[in-house]
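Chains as they are written, first to last, in the working numbering: chain A, 69 to 389; chain B, 4 to 338.
Hints listed in this document are in silico derivations from the structure and should not be mistaken for laboratory results. Hints are supplied without guarantee of correctness; some may be wrong.
[Stated by the list, open to error] Which stretches of chain A does chain B cover? Using the computed rule of at least three CB atoms under 8 angstroms from a CB of chain B, they are: (1) 83–96; (2) 113–119; (3) 298–310.
[Said to hold, decoys possible] Just some of the chain A residues that point at chain B, by a computed CB distance under 8 angstroms: (4) R76; (5) V217; (6) I222; (7) N227; (8) L229; (9) T328; (10) V347.
Note that beta-carbon positions come from the ideal geometry of N, C-alpha and C, so glycine has one too.
Here are the chains, one letter per residue:
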Amino acid sequence: MGRFLLRRAINYLILTFLASSGVYFLASLTLEPQMNLLAKHPHPPIATVYQILNSQGVDPQVSVFVRYWHWLTQLVLHGNFGIAADGGSVNTEMSQRIFVSTELLLLATFLGAATGVVYGAWNALRQYRFSDRASTIFSYAVIATPVVVIGVTIRTVDNWLGSPIQYTGMYDPGANGFFAIAVSNLEHLILPTLTLWIVQMTLFSRYQRSTMLDVLGSDFLRTARAKGLPRRKAVIKHGLRTAVIPVMPLLVYNIVLLFTGATFTEKLFGWHGMGEWLVDTINTNDINAVAAIGVFTSGLVLIAGLLSDLIYAALDPRVRT
Amino acid sequence: MTTQVPLAPTGPAPVVRKSRGRSALLLARFSRNRLALVGVAILVVLVVGAYVMPTFLHWKYTDNDFENMGTAPDGNHWLGTNHAGQDILAQTLRGLQKSLVIGLIGGPLTTFFAAIVGASAGYFGGWVDRVLMWFLELLLVVPGFLLLAMLAPKLAHGTWLIFVVLLAILGWMVTGRVVRSMTHTLKDREFVLAAKYMGVRPMTIIFRHILPNMASLLIVDAAVQVGLIVLAESALSYFGFGIQAPDISLGTLIAAGEPDATTSAWMFFVPAACLVLMGLCVAFIGDGLRDAFDPTAVGAKSKARLQDDADEIDSESPVLDLTGQNVRTEEGLTS
Numbered sequence: 069m070g071r072f073l074l075r076r077a078i079n080y081l082i083l084t085f086l087a088s089s090g091v092y093f094l095a096s097l098t099l100e101p102q103m104n105l106l107a108k109h110p111h112p113p114i115a116t117v118y119q120i121l122n123s124q125g126v127d128p129q130v131s132v133f134v135r136y137w138h139w140l141t142q143l144v145l146h147g148n149f150g151i152a153a154d155g156g157s158v159n160t161e162m163s164q165r166i167f168v169s170t171e172l173l174l175l176a177t178f179l180g181a182a183t184g185v186v187y188g189a190w191n192a193l194r195q196y197r198f199s200d201r202a203s204t205i206f207s208y209a210v211i212a213t214p215v216v217v218i219g220v221t222i223r224t225v226d227n228w229l230g231s232p233i234q235y236t237g238m239y240d241p242g243a244n245g246f247f248a249i250a251v252s253n254l255e256h257l258i259l260p261t262l263t264l265w266i267v268q269m270t271l272f273s274r275y276q277r278s279t280m281l282d283v284l285g286s287d288f289l290r291t292a293r294a295k296g297l298p299r300r301k302a303v304i305k306h307g308l309r310t311a312v313i314p315v316m317p318l319l320v321y322n323i324v325l326l327f328t329g330a331t332f333t334e335k336l337f338g339w340h341g342m343g344e345w346l347v348d349t350i351n352t353n354d355i356n357a358v359a360a361i362g363v364f365t366s367g368l369v370l371i372a373g374l375l376s377d378l379i380y381a382a383l384d385p386r387v388r389t
Numbered sequence: 004m005t006t007q008v009p010l011a012p013t014g015p016a017p018v019v020r021k022s023r024g025r026s027a028l029l030l031a032r033f034s035r036n037r038l039a040l041v042g043v044a045i046l047v048v049l050v051v052g053a054y055v056m057p058t059f060l061h062w063k064y065t066d067n068d069f070e071n072m073g074t075a076p077d078g079n080h081w082l083g084t085n086h087a088g089q090d091i092l093a094q095t096l097r098g099l100q101k102s103l104v105i106g107l108i109g110g111p112l113t114t115f116f117a118a119i120v121g122a123s124a125g126y127f128g129g130w131v132d133r134v135l136m137w138f139l140e141l142l143l144v145v146p147g148f149l150l151l152a153m154l155a156p157k158l159a160h161g162t163w164l165i166f167v168v169l170l171a172i173l174g175w176m177v178t179g180r181v182v183r184s185m186t187h188t189l190k191d192r193e194f195v196l197a198a199k200y201m202g203v204r205p206m207t208i209i210f211r212h213i214l215p216n217m218a219s220l221l222i223v224d225a226a227v228q229v230g231l232i233v234l235a236e237s238a239l240s241y242f243g244f245g246i247q248a249p250d251i252s253l254g255t256l257i258a259a260g261e262p263d264a265t266t267s268a269w270m271f272f273v274p275a276a277c278l279v280l281m282g283l284c285v286a287f288i289g290d291g292l293r294d295a296f297d298p299t300a301v302g303a304k305s306k307a308r309l310q311d312d313a314d315e316i317d318s319e320s321p322v323l324d325l326t327g328q329n330v331r332t333e334e335g336l337t338s
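Build the full structure now, drawing on both the sequences and the hints.
Written as structure tokens, this is what we have:
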């Protein structure tokens with residue numbers, strides 16, 4: 069098991085390295101950081117523009133391989149992602165945004181995973197009853213709806229009701245003192261969490277429903293019933309536990325990758341997290357920040373892959389040996 | 004991710020009776036799923052509406068009515084106008100055309116890529132398999148949204164077709180894996196070996212013997228991919244990375260209407276409703292196709308009534324893997 073995981077880890081590391089290098093090259097070749105400076109009125113002299121770009125390590129006149137080598141050595145030796153287009157440090161910006169994303173996602177994903185598993189299993193137990201059919205149609209509708217539409221609908225409903233819940237930004241800028249800010253922060257968390265929760269729960273419940281249906285028809289569950297376990301106990305102890313195992317990798321992947329995937333929710337509700345950064349950096353031609361996101365995202369895939377391997381091993385005794 | 008245990012045919016011993024043709028059987032099974040029929044009906048209405056209705060409308064999607072700018076739905080503009088005085092109905096129909104074309108080309112194309120790569124990897128094995136699977140894993144690790152967002156505006160100047168191909172290139176991986184593992188089970192079957200020893204070229208074997216034997220999986224997957232591609236397109240267009248002006252799609256319309264959603268609901272919710280309706284129809288059709296091809300699958304609606312049909316078709320299809328569990332894990336397009 070240990071050797072297997074080690075081999076996987078090395079393979080993932082190589083893939084991550086290639087993917088992030090690819091993102092760096094692509095960003096360097098497609099983005100045009102000089103446009104930021106040339107778009108100013110009046111724009112600084114050309115020589116100054118290139119001097120600024122050079123100091124940021126994104127001068128298009130320097131060979132892309134030289135820039136890449138500089139970027140790579142800085143990153144590997146000093147853990148330094150370089151300078152963003154606005155002159156600030158990419159590292160500082162990124163750590164702030166990771167914090168924001170974590171706050172936003174923590175509640176939504178765990179709520180979504182837990183309720184999704186329970187809801188899916190419940191639907192499986194009631195297969196073909198009215199509630200199951202209704203929730204099947206509902207979940208098709210949710211899956212067919214872009215997150216933007218879900219988010220805006222929730223926002224609109226809130227407005228129609230006379231905006232009982234505030235939603236723009238992380239907290240009300242007028243709030244003073246730690247306690248007021250914390251309360252305001254929680255209030256601002258409600259609507260984005262609701263948006264993420266609906267999507268996540270629906271997705272997970274579909275998965276859980278189909279694995280649960282597989283398990284419900286299985287021999288070991290019938291045996292458990294035959295030896296006298298009440299249906300409720302048999303389903304929960306033997307059925308649900310087995311049915312959750314195949315869903316776990318999906319849960320892990322989804323939760324981890326949501327760090328950069330909650331783009332729409334963050335954008336709609338004004339949370340300055342990683343997902344929003346992903347779009348903003350491309351729009352502002354910020355090569356170093358885009359490269360940092362590339363490293364971060366492919367690093368997340370690596371972590372998600374290893375984590376789901378580990379969880380799988382922990383849950384499924386057949387893999388453990 | 005999930006190991007699908009082949010579902011044994013549940014029916015009793017084969018009853019001797021006049022056999023129907025396969026396509027007639029599939030059609031009968033498909034039409035038993037009422038939601039799927041509703042899906043087909045609405046989709047037909049949408050397609051006909053998108054292409055035929057504009058010719059009968061007074062306002063074209065390019066027209067500006069400067070006397071009615073940002074007005075609510077009334078007798079003149081049935082679904083209202085946007086701030087530039089353009090008719091929302093005409094614009095939505097135009098956007099629907101583009102979204103339909105993108106979905107209906109992109110979905111099957113994605114499945115096609117998955118079929119080619121997956122079948123080649125599974126059939127040839129050895130270093131071909133290793134290289135292709137490694138490439139597949141690399142594509143899974145690469146942040147697809149980031150890539151598309153940077154590439155699409157550069158490559159897709161003027162033509163949306165390249166954009167569709169890009170979407171397909173970044174969407175085939177999960178299906179590709181399923182196709183590969185199915186190819187593994189097929190490649191040692193007698194009919195494939197027979198063709199091989201008769202000297203049929205490998206690619207011909209793949210196209211003539213391997214892929215047709217997983218047609219059900221591929222067809223259902225294509226239906227699912229249509230929905231995913233449309234969603235991905237609208238997501239990218241929302242941020243301005245997808246379809247570029249002067250082209251419009253439902254995604255660009257949704258993006259344009261979003262700031263006014265609370266005050267002028269028609270600008271946002273008309274194209275949004277259209278998109279959701281279209282996605283829902285595609286999902287229902289995919290569901291119906293799965294029922295038709297794989298009546299033993301969990302969740303197949305006609306299961307109880309169809310036990311005598313169950314053994315007529317090879318029931319070892321992991322179609323369920325793809326449709327019952329909607330694959331939408333690509334990062335960036337999730338939330």
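| task | Examine the stretch 113–119 of chain A: at least three residues should have C-beta closer than 8 angstroms to a C-beta of chain B. | result | violated (count 0)
| task | With a C-beta cutoff of 8 angstroms, work out whether three or more residues of the stretch 83–96 of chain A approach chain B closely enough for the coverage to hold. | result | holds (count 8)
| query | Against chain B, is A:T328 within 8 angstroms by beta-carbon distance? | reply | holds, 6 angstroms
| field | Hinted contact A:V347 with chain B - closest CB pair below 8 angstroms | value | Result: holds, 5 angstroms to nearest chain B Cβ.
| message | Can you verify the interface hint for A:R76: is its Cβ closer than 8 angstroms to any Cβ in chain B? | response | Since chain B brings no Cβ nearer than about 11 angstroms to A:R76, farther than 8 angstroms, the hint is violated.
| request: With chain B as the partner, please determine if A:L229 meets the hint condition of a C-beta pair closer than 8 angstroms. | output: This hint is violated: A:L229 lies away from chain B, its Cβ roughly 12 angstroms from the closest one there, beyond 8 angstroms.
| task | Let me know if the C-beta of A:N227 comes in closer than 8 angstroms to any C-beta of chain B, holds or violated. | result | holds, 5 angstroms
| For the stretch 298–310 of chain A, do at least 3 residues have a Cβ located nearer than 8 angstroms to some Cβ of chain B? | violated (count 0)
| task | For the hint on A:I222, just tell me whether its beta-carbon gets within less than 8 angstroms of chain B. | result | violated, 11 angstroms
| field | Interface hint status, A:V217 versus chain B (Cβ within 8 angstroms) | value | holds, 5 angstroms
Checked against the numbered hints given earlier, the structure breaks hints 2, 3, 4, 6 and 8 and satisfies all the rest.
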